[in-house]
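Read off the chains here:
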Amino acid sequence: MNIFFLAILLIGAGGVLALAAFKSYSLMKTGAVLAIIGGCGLGGYDAVKRLLQHTEPAVYNHTWLQVSTFSLKIDTVSAFFLVSVFVVSAVAALYSFQYLNDAKRATATAANYFFYALLIISMALVVCANNLVTFALAWELMSISSFFLVIYDVQKKATRDAGYIYFIFTQAGALFIFAGFGFLYSNTGSVGFEALASIPDSAKFIAFILILIGCGSKAGIIPLHIWLPYAHPAAPSHVSAVMSGVMIKIGIYGIVRFYLLLEPTSALFGQIVIVLGIISGILGVVYAIGKHDIKRLLAYHSVENIGIILLGLGIGMLGAATGNKTMAAFGFAGGLLHVFNHSLFKSLLFMGAGAVIQQTGTAKIDQLGGLIKKMPVTGRTFLVGSISISGLPPFNGFISEFLIYYGAFQGLQLQGASFLFSILAIISLAVIGGLAAACFTKVVGVVFLGEPRSDLAVRASEPGFSMVLAQLILAALCLTIGVWPDYFVQAAFRASQAIPLVADYEITQFMPIITNISRTVILFFLLILVVSIFRRFSYAGKEVTRSGTWGCGFTQPTVRMQYTGTSYGDTIVDFFRPFVRVRKKYSGINKIFPGETTYSSHIHDISEIGLNTFVVHPALYLLNKLRWIQHGNIQLYIGYIVLAIVVMLIFI
Amino acid sequence: MEFTFSFASLLLLLVVFSLAPLFMGVILKVKAFFGGKQGAPLLIKYYTLIKLLRKGSVYSTSTTFIFKLGPIVSFVTAFMLLLFFPFAGLSPVLSFHGDVIMLFYLLGLGRFFTVLAALDTASPFEGMGAAREVFFSALAEATIFIILVLFFRLSGGSLSFAEYFSGNQVVNLWSQSAALIILVLIALFIILLTENSRVPVDDPATHLELTMIHEVMILDHSGPDLALIEMGSFCKMLFYSAFITCMLYPFHTGIAVFNFIIFITIMTLLYAGIGLVESITARYKMDMVPNFILTSFALVFFATILTMELV
Numbered sequence: 001m002n003i004f005f006l007a008i009l010l011i012g013a014g015g016v017l018a019l020a021a022f023k024s025y026s027l028m029k030t031g032a033v034l035a036i037i038g039g040c041g042l043g044g045y046d047a048v049k050r051l052l053q054h055t056e057p058a059v060y061n062h063t064w065l066q067v068s069t070f071s072l073k074i075d076t077v078s079a080f081f082l083v084s085v086f087v088v089s090a091v092a093a094l095y096s097f098q099y100l101n102d103a104k105r106a107t108a109t110a111a112n113y114f115f116y117a118l119l120i121i122s123m124a125l126v127v128c129a130n131n132l133v134t135f136a137l138a139w140e141l142m143s144i145s146s147f148f149l150v151i152y153d154v155q156k157k158a159t160r161d162a163g164y165i166y167f168i169f170t171q172a173g174a175l176f177i178f179a180g181f182g183f184l185y186s187n188t189g190s191v192g193f194e195a196l197a198s199i200p201d202s203a204k205f206i207a208f209i210l211i212l213i214g215c216g217s218k219a220g221i222i223p224l225h226i227w228l229p230y231a232h233p234a235a236p237s238h239v240s241a242v243m244s245g246v247m248i249k250i251g252i253y254g255i256v257r258f259y260l261l262l263e264p265t266s267a268l269f270g271q272i273v274i275v276l277g278i279i280s281g282i283l284g285v286v287y288a289i290g291k292h293d294i295k296r297l298l299a300y301h302s303v304e305n306i307g308i309i310l311l312g313l314g315i316g317m318l319g320a321a322t323g324n325k326t327m328a329a330f331g332f333a334g335g336l337l338h339v340f341n342h343s344l345f346k347s348l349l350f351m352g353a354g355a356v357i358q359q360t361g362t363a364k365i366d367q368l369g370g371l372i373k374k375m376p377v378t379g380r381t382f383l384v385g386s387i388s389i390s391g392l393p394p395f396n397g398f399i400s401e402f403l404i405y406y407g408a409f410q411g412l413q414l415q416g417a418s419f420l421f422s423i424l425a426i427i428s429l430a431v432i433g434g435l436a437a438a439c440f441t442k443v444v445g446v447v448f449l450g451e452p453r454s455d456l457a458v459r460a461s462e463p464g465f466s467m468v469l470a471q472l473i474l475a476a477l478c479l480t481i482g483v484w485p486d487y488f489v490q491a492a493f494r495a496s497q498a499i500p501l502v503a504d505y506e507i508t509q510f511m512p513i514i515t516n517i518s519r520t521v522i523l524f525f526l527l528i529l530v531v532s533i534f535r536r537f538s539y540a541g542k543e544v545t546r547s548g549t550w551g552c553g554f555t556q557p558t559v560r561m562q563y564t565g566t567s568y569g570d571t572i573v574d575f576f577r578p579f580v581r582v583r584k585k586y587s588g589i590n591k592i593f594p595g596e597t598t599y600s601s602h603i604h605d606i607s608e609i610g611l612n613t614f615v616v617h618p619a620l621y622l623l624n625k626l627r628w629i630q631h632g633n634i635q636l637y638i639g640y641i642v643l644a645i646v647v648m649l650i651f652i
Numbered sequence: 653m654e655f656t657f658s659f660a661s662l663l664l665l666l667v668v669f670s671l672a673p674l675f676m677g678v679i680l681k682v683k684a685f686f687g688g689k690q691g692a693p694l695l696i697k698y699y700t701l702i703k704l705l706r707k708g709s710v711y712s713t714s715t716t717f718i719f720k721l722g723p724i725v726s727f728v729t730a731f732m733l734l735l736f737f738p739f740a741g742l743s744p745v746l747s748f749h750g751d752v753i754m755l756f757y758l759l760g761l762g763r764f765f766t767v768l769a770a771l772d773t774a775s776p777f778e779g780m781g782a783a784r785e786v787f788f789s790a791l792a793e794a795t796i797f798i799i800l801v802l803f804f805r806l807s808g809g810s811l812s813f814a815e816y817f818s819g820n821q822v823v824n825l826w827s828q829s830a831a832l833i834i835l836v837l838i839a840l841f842i843i844l845l846t847e848n849s850r851v852p853v854d855d856p857a858t859h860l861e862l863t864m865i866h867e868v869m870i871l872d873h874s875g876p877d878l879a880l881i882e883m884g885s886f887c888k889m890l891f892y893s894a895f896i897t898c899m900l901y902p903f904h905t906g907i908a909v910f911n912f913i914i915f916i917t918i919m920t921l922l923y924a925g926i927g928l929v930e931s932i933t934a935r936y937k938m939d940m941v942p943n944f945i946l947t948s949f950a951l952v953f954f955a956t957i958l959t960m961e962l963v
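Those protein sequences? They're chains P and D, same order as listed.
Counting in the working numbering, the first sequence runs from 1 upward without gaps.
Counting in the working numbering, the second sequence runs from 653 upward without gaps.
Careful: at least some of the hints might be erroneous.
[Claimed, not checked] No more than 20 Å apart at the CA atoms, straight line, and that leaves these computed lysine-lysine pairs for PhoX-like: (1) P:K23 x P:K104; (2) P:K542 x D:K720; (3) P:K364 x P:K374; (4) D:K937 x P:K542; (5) P:K374 x D:K720.
[Said to hold, decoys possible] Far from chain D by the CB rule (all over 12 Å, computed), these chain P residues: (6) L137; (7) H292; (8) S607.
Hints in this document: simulated from the structure, not taken from any laboratory.
Just so it is clear, CB atoms sit at the ideal spot from N, CA and C, and this is done for glycine as well.
Let the hints inform the model, and build the full structure from the sequences given.
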């Protein structure tokens, strides 16, 4: 536990140092980044050690203001999430060193590092929290610090709007969580986690649903995901990387933790989670295909991956409910490993996107093109991230998806509803995988390959060294897990053994499968090598020339004729109507000698439309009628509070 | 669950692999017959390969290393499928429990690179083909995985090609669940046509780039690169045909030599069947293709639901 506190202290010191030294810009950055990386390294080391060794969970209690105990506990599940938190935060800090390079905004940068440090600390505290109060406090700290990180570019209206949307969602989500906690407290009479398993089944269900809604809004489960596509494009890229890579997973952690604490026995929990996973997974990727802002697109991919994680967890819950140990172990391990994997490749992709935006000044993919020639390293690491997120071997995304598949296949031995849910999970995973590949061939193809579609893309060059290094580290990790997954899968299995059903289950019997995947991947690389040599050999001494792309007989092609991201995704998006609202404007060709024609299309999120029409507008209408309550008189406000307390005391 | 390796199977694999271009010749011969032509010789695909391997290449100035990597990855991934497939009842060269998931994802990797190589050329036509390819294959993925689901049910928990076609609970037309297998056969044939860009989904012989799917994506490839792509597509076709063939006849019993002869015969007939389909059907309109692929999904999904009662 001491190392953990030392790490937290070091990270916090980095944040405070940044505030103190904001007058010397580069000193502030160096100090803050070094302290944060050092702290994360220490914390990550501790977490990895706990995960790989069979250590007893560390517990720390501190009674605080005589009101409530501040209680922390690091078990395997906490340690697993801590690894994600520390690894990604450290690499993103490294990235930020050259990403934040506007010396004129020294104060904002200092504040950014302060809240960045606070965010890391609060995330670490959430995953270690060992009672309701500690959890709630750390959760709020996490929400508020991330809110300040999002509004770094506060002078832009879009950023402020995004900040408001994020704030509303995060606070509304917190309300649900607190409601769930209040409900739990009323059932157990204590804020501790210990008694939660003994409450009645119906109470478990209500509490779980409340917490699922609250944590789901943080994780980005459809239809509670609306803040993601606003907040991520607005935030600086290293912040998007951490928020999308790690912070939304803290929502997943909340779901996992309370599932484990409540120990529900009904299959309904798993089924609800699977259905949410299917909706988030498929719609997330479909919306992503329709989006043309690279960071907004990546934000929707986070929604998709949260869907995959939920599928894994749901399969695990279903397995636990039906007593199928293999299914439970693989589902949970797959979901958890996907949490870690996604934190790596999603932050890698956000960093790539940040580099592109920094170099070209635009996030619109249809104005880019050919960047891999200008940014060779960023292009290649982005390619690695894209293959990983599409769940394809030889990278890490495949490993976790394989585990989820394997778990879901075990579910096919069940009967009735559980059988159907397993089928649905498998089919959705397959479709999500196919569509994710479609989306990322689009991103890589339109942004990095082909020819530049505008002058913005011509001027780009490789970003600063710290940014490149950060991306290289993450890409290397993605490849390592893809080729040698054994340790990582073992760690995920160990964390999944927090479920009582599989606590003593012999997981090692399944490790040969993982080794075989590793062997097959190595065979793949060997064959690639052999065929490359064969290819080199067959070109020896032959004439190889360069010329323009074959225009199919058309001799005057222009770069504007290239397929754009919009045209690439059009048929797929159309196919998923009416779940996606597509609005097209096309002037048409209606004269014999056609003049200028215009075409534009917009993809609207039906959850956003639904929320606007059914929640926001009625609420605003109602609240407008109550405007007179808000008059600005402090005395009367205090009167309200007194009145409210008196009324509550009478009724409760 | 062990990672097995078989040497005799490697020999068989090489034989079958070297026959792949001949099978493609069969399709062309059948199409020529229906067109009232004499057609190209049966060995035409070997000549094409040799011709391509002897040529040099012209690369577009727009392209990068991905364009050269595309053919290599697409060939290797397709070839790896064959390594794990039990031809003619012999155990596959390599096999492990769970390999099917890995192999179909490797195919996805091959497709990923083919598509990227197409987009690398900056050609609007190739972009068009790529967009179609990724969409249709995403739908086909659903059918493939529902087939895996059904096979898992029918064979009592199998997750590898070797397990499907050997052991106690095999999946083929002669097992007790033959009625369901018929549905799978139809669906798999549809997937074969889709994944290998055959009529009625795609027409490899058309001359208008606008109407192509797969062929338009490889427009800019030439020489040995194109040869690799061709060999990759032979492997893919061979795999899907062999998959269907193994469901048609119980190869896991009987004498090896006899099995091999039957295997080659059925394969030839199947390729001739593909030629027949290509000769008598017209290509679908592009927006019909998703319905065609989803039909295959519906068939197998129906079969899977039936297992809830039957098995």
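Results for each hint:
A distance of roughly 10 Å separates the Cα atoms of P:K23 and P:K104; the hinted pair therefore holds under the 20 Å criterion. A hinted pair counts as satisfied when its Cα atoms are at most 20 Å apart, and P:K542 with D:K720 qualifies at roughly 16 Å. For the hint linking P:K364 to P:K374, the alpha-carbon distance of about 17 Å falls within 20 Å, and the restraint holds. A distance of roughly 41 Å separates the Cα atoms of D:K937 and P:K542; the hinted pair therefore is violated under the 20 Å criterion.
Restraint check: the Cα-Cα separation between P:K374 and D:K720 comes to about 18 Å, which is no more than 20 Å; the hinted pair holds. The beta carbon of P:L137 sits about 43 Å from the closest Cβ of chain D, which is more than 12 Å, so the claim that it is off the interface holds. With a least beta-carbon separation of about 15 Å from chain D, P:H292 lies farther than 12 Å from that chain, consistent with its non-interface assignment. The Cβ of P:S607 lies farther than 12 Å from every Cβ of chain D, with a closest approach of about 22 Å, so its non-interface assignment holds.
In this structure, the one hint that does not hold is number 4.
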